[in-house]
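Following the hints, position chain B against chain A.
Protein chains in written order, with the numbering used here: chain A, 55 to 361; chain B, 57 to 335.
What the hints contain is simulated information worked out from the structure, not anything from laboratory work. Do not rely on the hints blindly, as some may be mistaken.
Residues from chain B that keep clear of chain A, each with C-beta distances beyond 10 angstroms, as calculated [said to hold, decoys possible]: (1) Ala127; (2) Arg161; (3) Glu188; (4) Leu252.
As a list, the in silico DSS-like pairs of lysine-lysine whose alpha-carbon atoms are at most 27 angstroms apart [unchecked claim]: (5) B:Lys131 x A:Lys169; (6) A:Lys169 x A:Lys274; (7) B:Lys67 x A:Lys274; (8) B:Lys131 x B:Lys67; (9) B:Lys68 x A:Lys274.
We put the beta carbon where it would ideally sit given N, CA and C, even for glycine.
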Amino acid sequence: MLKNSAAKRPKKLKVSHNVSFLSALPWIGPALVLILLVVIWPVIELIRTSFTDISLAGSLLDFNGLANYRDLLANTDLYPVVRRTLLWVFGIVFFTVLLSLPLAQLINQNFPGRKYVRWAMIFPWAASVVMTSMIWTWILDAYSGELNLTLTQLGLISEPVDWVNNPGSSFYFLMWVAVFVSVPFTTFVLLAGLQSIPADIVEAASVDGATHWQIYRRIKFPLLRNSLLIASIINIINVFNSFPIIWVMTRGGPGYETDTTTTFAYKLAFIESNMGQSTALGVFNFMIIMVIVGFYLRVTKATRTEL
Amino acid sequence: MSTKVKKITAKKVATILGAYFIAWIFVYPYINMFLTSVRTHEELYATPSTHFPQVWQWRNYIDVWDNAPIASFLKSSLIVSVSATILVLIVSLPAAYFTARYRFRMRGPFLLLVLATQMFSPTALIIGIFREVDFFKLLDSYLALIILNAGFNLAFSIWLLSGFFSSIPVEIEEAALIDGCTRIQALRRVTLPIALPGLVTAVIFTFVAAWNEFTIALTIMSSVDKKPIPVGITQFIGQYDVAWEYLFSATMIAIVPVVILFIMIEKYLVGGLTAGSVK
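Chain A with its partners taken away, still in its complex shape (with noise of 0.2 angstroms):
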């Protein structure tokens, strides 16, 4: 799993007994109750009352079939929204892994200082996104921001530009941060997978006279493939699920313009009441990720060896 403990490991794991699901249950129990307790109960509730009819605290659930859903599909707000957010998930994965591939290269070589562009990497990936995206927000401030004096003290702007509220800029501004906040995870994962290729067949094309990028294209790129794969898959969701970007720079507005079906649902429930239509969507969103984790798992079971 790791790569060190990878190393350490003896060849073949030696397991001491097999023994029967009830001895395990005093060591697993508590993580299984804990999983229980705050992830499924959570999906079921969720399931359930979306299949009612309630507020937001409401005791009484009235069964009304699939009426939320009508409601929810019949609402003309959802379909900008989901285009968005179809905009949203795939623009931002595809230029993180764009970015992402390089950088890995880069930071795989060695030169001074490497140690410290590393670390550099780590403060988006550390800081909360909340704290990340209200710089980013200052920054972007049409009167007081970094990008605004730059840009007109090089004269490629002669007045402010309010990019965060403007209706044509803002949810690319908003897709940069997502950017911005995945890529060092994405390049630490690209990193490990460019660790893991032997050095020797690097070594062995390169007394062959195959070039750089050659050995890139026809040798590392293909040994990457998995990395890329899990990494992608991991952005997926993270991308999908991220709200916080979102809800500090711009609450999904104006209307519902920066609105992902992620900020919507929650907008439906906590801001308009609209419980019915919340759980609906939040049903569909669920039913997302769900497909996306059966993706995962498939992917990973291929190359894991503790299962």
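Same frame as chain A, now just chain B:
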């Protein structure tokens, strides 16, 4: 020959400059955050604005404690993150150890369930979470926030620690048993110290994840003095004449420690997050 050496050097220089430039891009927003945090309020809204503070107002870092309930935000964040981390350790250690050492029926499904829950973000389930917390009458309580944070971060710990335990040969523990240790003693005195890097990684990762958690806290916490810092500071925004200088001194205080913690565990992070899939 000499041209070849020169070419290599030029390429190396380009690599280094490129890498430093990229490092700067990733750190830049936080540098800007710092520079904003030491400006005076008048200067923030002055036109034209400037790249660097004209007056370095270090006092903001003292005044922020009086101008915003930063102390109570930090207290809430600490209570929740520390407790969630302890809970995760208590729950994940035995599970990770047992799944690494023993084969039992339902072991595969159990690990799959754990792995799948890592992918479920609380955001998608937020209405279910809200209604469950309401059902237990735990809205606006630290307890609910602690348990939820622990639950959603459990998977990382179980997978990471399980990997560490599998890498430790059983023979070492058996030797301790022969020397008269009980199984718990063998675990405590022999296995855990070897798995220490994994433990440290799990602790730091869980702490940072809980420290940064936003959506659940935003939804279930209503008392101002109980809000953790990411939720607490969002109240600044939207106010007329936002006090960005205080906002960003608060975020600097919240960000610097977790960045340092993450740097400490950098090399183990990927393994835990990609759960057994990247070799």
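The hints, checked one at a time:
For B:Ala127, the shortest C-beta to C-beta distance to chain A comes to about 18 angstroms, beyond the 10 angstroms cut-off, and the non-interface label holds. Distance to chain A contradicts B:Arg161 as a non-interface residue, since its nearest Cβ pair spans about 5 angstroms, not more than 10 angstroms. Under the 10 angstroms C-beta cut-off, the non-interface status given to B:Glu188 relative to chain A is violated; the minimum distance is some 5 angstroms. Once the 10 angstroms rule is applied to beta carbons, B:Leu252 is consistent with being away from chain A; the minimum gap is 13 angstroms.
Distance restraint check for B:Lys131 and A:Lys169: the Cα-Cα separation of roughly 33 angstroms exceeds the 27 angstroms cut-off, and the hinted pair is therefore not satisfied. Simply put, A:Lys169 and A:Lys274 have alpha-carbon atoms about 23 angstroms apart, close enough for the 27 angstroms limit, and the pair holds. Between the alpha carbons of B:Lys67 and A:Lys274 the distance comes to roughly 20 angstroms, so the proposed pair stays at or under 27 angstroms and holds. Restraint check for B:Lys131 and B:Lys67: not satisfied, since their Cα atoms lie roughly 50 angstroms apart, outside the 27 angstroms limit.
Of the supplied pair hints, the one linking B:Lys68 and A:Lys274 holds, its CA atoms being roughly 21 angstroms apart against a limit of 27 angstroms.
In the structure shown, a violation is registered for the earlier hints numbered 2, 3, 5 and 8, in ascending order.
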